[in-house]
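Peer 1: The primary structure of each chain is shown beneath.
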Amino acid sequence: LIAVVGTPSSNSKAIVNAFNQLGHLAVVTTEKERILNASHIVLPGVGAFGPTVSALDGLGIMDLMRNVIDLKVPLLGVCLGLQLLTKGSDESPGTDGLQIFDSYCLKFQKAPSIPHVGWNTVVVNGNHWLFKDINTDFAAYFSHSYYLPQSAEYSIALTTHGETYTSIYAKDHVTGIQFHPEKSQRIGLKLLDNFYRFAQHGL
Amino acid sequence: MVFNRLIPRIVVEWDQSRNTFVSILTRGFQHARKIGDPLSQIRILQSNLVDEIVLVNRTQFFSSNFYDLVDAVAKEISTPLSVGGAIDSLEQCKNLVSVGADKLIIGRNGNNNSLSKSISDMFGSQSTVFSFDYYTAPDQDMEEIATSVGNVVKKGGYGEVILNCISADGGKDGPHLELLSHLYDKIKVPILVGCGFSKISYFAEAYRQGARGVLTSTYLSNLDQSPKQVRSHLHALGVHIRVRN
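If you read the sequences in order, they're chains X and E.
Quick note on this note's numbering: the first sequence kicks off at 1 and runs consecutively.
Quick note on this note's numbering: the second sequence kicks off at 1 and runs consecutively.
Mixed in with the good hints, there may be bad ones.
[Said to hold, decoys possible] Ranges between beta-carbon positions, derived for each pair:
id	chain 1	residue 1	chain 2	residue 2	range
1	E	Leu237	X	Phe198	21 to 31 Å
2	E	Ser118	X	Arg66	25 to 35 Å
3	X	Leu106	E	Lys155	21 to 31 Å
4	E	Ser98	X	Asp172	26 to 36 Å
5	E	Ser98	X	Gln150	32 to 42 Å
6	E	Asn112	X	Pro93	52 to 62 Å
7	X	Arg66	E	Ser98	43 to 53 Å
8	X	Gln150	E	Thr147	31 to 41 Å
9	X	Asp63	E	Gly36	43 to 53 Å
10	E	Ser118	X	Asp63	45 to 55 Å
11	E	Leu237	X	Gln99	47 to 57 Å
12	E	Thr136	X	Asp57	45 to 55 Å
[Unchecked claim] Not close to chain E: a few residues of chain X, all C-beta gaps over 12 Å, as computed:
id	residue
13	Asn20
14	Leu22
15	Leu36
16	Ser39
17	Leu71
18	Lys72
19	Asp90
20	Glu91
21	Gly94
22	Asp102
23	Val124
24	Ser151
None of these hints come from the bench; they were simulated from the model.
All C-beta atoms, glycine included, are put in the ideal place defined by N, C-alpha and C.
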């Protein structure tokens, strides 16, 4: 069972719908037991960094997520969910993220339009199980104002909007996607399917 | 100026009229033409690479069948879904998001800063869209209108704006792009334009003038032109457009 963490005002439902379209059973939940026993965990999120961290803290989920990392359960952060995996964000200075990714989220400065909303190109950077049967570049749907800078080691896909930044970050069994795979039609569902199939053991 | 690599969007917009199924309103929004089953239409449009789906009710409080449609669409598709129109409370927005809305469109109450700010604070500016409907008239000062629309966008916490020129809707003379060109340098958020897109060249012209998306109902809903065909025509004209998924 895929546990999609019920972050406040989030895209949790859309991600569950997408997994269900693929035939993989997923539920939105904030119950610790369900999250701990899941085969895969998805951390979604739309909205602001600080208030989301506070809300998850209030539910005890921030602590739970830190413990979950040691269990090596495949974990996927989507959009704000990816940003929550980092050390923090310009959006809410002083609020700590989960610090699973050694990176910090910055506000777009040079971008021609802010927020970055719409379809943009994702350029795949190297081989990764997430991209099985996927082209080396594809269009995906984005909706955000903050971004993760490039990491030579962990950026497995890049996108340019004023700056060239990380659109997918991957470290061990934890993956973060900045765009919305659940809203990127066939290719987005393919990425979710690959996460479901290969995040545990690779190809 | 930094080149904007965002891929211009082809968006389908449907209106709900008088509590019936989603209909197309054409010719100055006066004549509603029913489309078939909206869900089956949307399935076809997604398979033809439509970039976004917009469902609005401009005139009234949302009935349960509006929510039911959003829910049904959200369950079946993986295309961005923007909904709204006559939104007048944060409560409605919570309900729309809970059935699967990705973006909230505020229409006739769009000037209400405290409403739009509360929506933007809760769901993020990227999910808060201002839809501005207007008529053209002789001796109109477009610069003045653009300034006021720009102020609404900035003060209201909006992350996107849709310009609908009702006078151009359903006409064969093409869209009204003057407001777009006046507004373009005033705000940083994406601007989308609707109404009057009855030819491929109109799409290309709107994108050239900085529109990040074009909204159309009739042109694509009759299905004599699919988004895929529009895409390949635009691609042939040299427009940066999504051609595959």
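Peer 1: Each hint should be assessed against the structure and marked as holding or not.
Peer 2: Hint by hint, here is what the structure shows:
no.: 1; hint: E:Leu237 <-> X:Phe198: 21 to 31 Å; result: violated, 40 Å
no.: 2; hint: E:Ser118 <-> X:Arg66: 25 to 35 Å; result: holds, 32 Å
no.: 3; hint: X:Leu106 <-> E:Lys155: 21 to 31 Å; result: holds, 25 Å
no.: 4; hint: E:Ser98 <-> X:Asp172: 26 to 36 Å; result: holds, 34 Å
no.: 5; hint: E:Ser98 <-> X:Gln150: 32 to 42 Å; result: holds, 36 Å
no.: 6; hint: E:Asn112 <-> X:Pro93: 52 to 62 Å; result: violated, 31 Å
no.: 7; hint: X:Arg66 <-> E:Ser98: 43 to 53 Å; result: violated, 29 Å
no.: 8; hint: X:Gln150 <-> E:Thr147: 31 to 41 Å; result: holds, 38 Å
no.: 9; hint: X:Asp63 <-> E:Gly36: 43 to 53 Å; result: holds, 51 Å
no.: 10; hint: E:Ser118 <-> X:Asp63: 45 to 55 Å; result: violated, 30 Å
no.: 11; hint: E:Leu237 <-> X:Gln99: 47 to 57 Å; result: holds, 48 Å
no.: 12; hint: E:Thr136 <-> X:Asp57: 45 to 55 Å; result: holds, 52 Å
no.: 13; hint: Asn20; result: violated, 8 Å
no.: 14; hint: Leu22; result: violated, 10 Å
no.: 15; hint: Leu36; result: holds, 26 Å
no.: 16; hint: Ser39; result: holds, 22 Å
no.: 17; hint: Leu71; result: holds, 29 Å
no.: 18; hint: Lys72; result: holds, 29 Å
no.: 19; hint: Asp90; result: holds, 15 Å
no.: 20; hint: Glu91; result: violated, 10 Å
no.: 21; hint: Gly94; result: holds, 19 Å
no.: 22; hint: Asp102; result: holds, 26 Å
no.: 23; hint: Val124; result: holds, 15 Å
no.: 24; hint: Ser151; result: holds, 21 Å
Of the numbered hints stated above, those contradicted by the structure are hints 1, 6, 7, 10, 13, 14, 20, listed in ascending order.
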